[in-house]
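For the record, the sequence lines run as chains A and B. Under the numbering used here, the first residue of the first sequence is numbered 1, with each subsequent residue one higher. Under the numbering used here, the first residue of the second sequence is numbered 1001, with each subsequent residue one higher.
No lab work stands behind these hints, which were simulated from the structure alone. Each statement offered as a hint is correct.
Label pairs and their in silico Cβ distance ranges:
{"#": "1", "chain 1": "A", "residue 1": "7", "chain 2": "B", "residue 2": "1132", "range": "27 to 37 Å"}
{"#": "2", "chain 1": "B", "residue 1": "1270", "chain 2": "A", "residue 2": "262", "range": "58 to 68 Å"}
{"#": "3", "chain 1": "A", "residue 1": "262", "chain 2": "B", "residue 2": "1156", "range": "46 to 56 Å"}
{"#": "4", "chain 1": "A", "residue 1": "311", "chain 2": "B", "residue 2": "1099", "range": "49 to 59 Å"}
{"#": "5", "chain 1": "B", "residue 1": "1040", "chain 2": "A", "residue 2": "270", "range": "50 to 60 Å"}
{"#": "6", "chain 1": "A", "residue 1": "291", "chain 2": "B", "residue 2": "1021", "range": "26 to 36 Å"}
{"#": "7", "chain 1": "A", "residue 1": "323", "chain 2": "B", "residue 2": "1041", "range": "48 to 58 Å"}
{"#": "8", "chain 1": "A", "residue 1": "27", "chain 2": "B", "residue 2": "1039", "range": "30 to 40 Å"}
{"#": "9", "chain 1": "B", "residue 1": "1132", "chain 2": "A", "residue 2": "308", "range": "36 to 46 Å"}
{"#": "10", "chain 1": "B", "residue 1": "1041", "chain 2": "A", "residue 2": "287", "range": "45 to 55 Å"}
{"#": "11", "chain 1": "B", "residue 1": "1040", "chain 2": "A", "residue 2": "151", "range": "28 to 38 Å"}
{"#": "12", "chain 1": "B", "residue 1": "1132", "chain 2": "A", "residue 2": "158", "range": "36 to 46 Å"}
{"#": "13", "chain 1": "A", "residue 1": "234", "chain 2": "B", "residue 2": "1016", "range": "34 to 44 Å"}
{"#": "14", "chain 1": "A", "residue 1": "158", "chain 2": "B", "residue 2": "1038", "range": "27 to 37 Å"}
Quick list of in silico lysine-lysine cross-link-like pairs, DSS-like style, CA-CA up to 25 Å:
{"#": "15", "chain 1": "A", "residue 1": "128", "chain 2": "B", "residue 2": "1128"}
{"#": "16", "chain 1": "A", "residue 1": "193", "chain 2": "B", "residue 2": "1128"}
{"#": "17", "chain 1": "B", "residue 1": "1270", "chain 2": "B", "residue 2": "1234"}
{"#": "18", "chain 1": "B", "residue 1": "1310", "chain 2": "B", "residue 2": "1007"}
{"#": "19", "chain 1": "B", "residue 1": "1193", "chain 2": "A", "residue 2": "128"}
Each residue gets a CB set at the ideal place from its N, CA and C atoms; glycine is no exception.
2 protein chains.
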Amino acid sequence: MMTNDFKALAGLINNRLSQMSYGNQPIELYEPIRYIMSLGGKRLRPLLVLMSYQLFKDNPEEVLDQALAVEVFHNFTLMHDDIMDDAPLRRGQQTVHEKWNSNTAILSGDVMLVKAYDLLMDSPGNLKDIIRAFNACAAGVCEGQQFDMNFEHLPQVTEADYLNMIRLKTAVLLGFSLELGAMLAGAKPSESKALYDFGVDVGIGFQLKDDLLDVYGDQKKFGKQVGGDILSNKKTFLLLKALELANPTQLQVLSHWLSQTSFDANQKVKEVTAIYDQIGIKELTLAKMNEYFAKGFERLGAIDAAPERKEVLRTFTQYLIDREK
Amino acid sequence: MMTNDFKALAGLINNRLSQMSYGNQPIELYEPIRYIMSLGGKRLRPLLVLMSYQLFKDNPEEVLDQALAVEVFHNFTLMHDDIMDDAPLRRGQQTVHEKWNSNTAILSGDVMLVKAYDLLMDSPGNLKDIIRAFNACAAGVCEGQQFDMNFEHLPQVTEADYLNMIRLKTAVLLGFSLELGAMLAGAKPSESKALYDFGVDVGIGFQLKDDLLDVYGDQKKFGKQVGGDILSNKKTFLLLKALELANPTQLQVLSHWLSQTSFDANQKVKEVTAIYDQIGIKELTLAKMNEYFAKGFERLGAIDAAPERKEVLRTFTQYLIDREK
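Let's have the full structure, built from the sequences with the hints guiding it.
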């Protein structure tokens, strides 16, 4: 089959996921894997694998294991990141290290990384190239997480540093998902590379959009507390640009709010947002975001695949861009 | 070259290790890798890869990266295990999570696992078979660590459970090292499998020997405090067999010492050892250990390789068996 229907592809993925066996004994090692994989999510990355594959080949059912490899890897990073970030919740449920303990989350995560490799083993195409690309992506994601943790303790982070961090932490895995789909379909290296670049560009755009929605999102649609990043002094693109462009008076207000340990939450969000508005941070972020989306779509346009097939990926990406949470 | 000289092989390994680059930025991610890899150790596992390779082929220089993959993987497990075991020291130096912090040890360890895979990429031989065997080994090692942690909280552990745990936690990686060397040399699957089994058998024997030396080792040669396992109530083969075979009076003495939280260390070691002596635990453990060594050597004998080449591996294994620390 070949399908333009996202829901049909998601159905294939979720069906295979529900049949997955990660291992049995000791149960303490494997139960947390089943747990985190069952928490849901949009399954965005395996969807991208299948859509990229379908640019060149039919029968996405042939590469479901490889698509799941990316989802298992993604959830491995979530399991370990949640320990490092001391996060209590993941998709509204207890994180693994909270439900069990940190040791369990470390070790189950380790096995998940091994299982991700194992799911790639029967890949059609050049296995060595595929694993090498996966290795580069996996190391990059770890580098991004380390940069992100470093940034918390740095007084100053440049725009370039920030863009590099989100590229590594979130965008390269989207890029790899698309690259993998192309490699599995036997596409030319130049096409696989172009799809990788497309994924990285729109991935950076998505993260900028997330940063933006945290401040300017519609509370009802966003699903999280608007202003959460402001309250936690998170070094987002918005804050970094504001610190870079603020005049002395604006800088004083920002610094005041960044240094307060006790404050009225609504007031902090309101006053920091007011500074953002004065500087025009929303427009600056939108411009940067759209720059990345445009660059991404340009790359997609140049890819040597049937236009109607590329249209599926374009439509899906636009749908992701337009979502408000 | 082909060499029977262990020191020459170790020299090749250490030379390549000293030239290894794991990555640069962020330094917080890569410095701990350089640190743990520099702490030394016998480099036993990469030595086994090269020796197994030399059963079938000359020029071990050709597979140094693959030999190092096993050493990097081993050190990844040490870095994560040390977090889980809350160990302050590794080879007499601060552990990574003590010198930096747990988050650093988690994330640097994750990258090490990826680097281990990366070092296998240029393997001669069938890459898919090699990675599959490595995946099975890696998952097994994690399972062994989880069983070991579980055992701490179990009232009763059987001999079979214990042997299975040490097989997974320590022996399968020795088995895989030997299997890998054979696969890299293009040996027949039956020979690779026989070498794996040889490694697993002698690996179990080595762990039983470690358990034994902890109680019956020569303090001067052993290098660790004799009786450390007794003091920490560690569920070793010796303790499990003693609990299994003790008469009611002996069981009472053992249970007494297992339940004491405050005690004279020398007295505890002396009295528990006295019970072991009464039951004949030393002889029982020696018999079990020698059973595994004998089984291992029998497998080695049956391998289809030049006798003088097998002699190298036999001599080295005997040297490891005879060491007293």
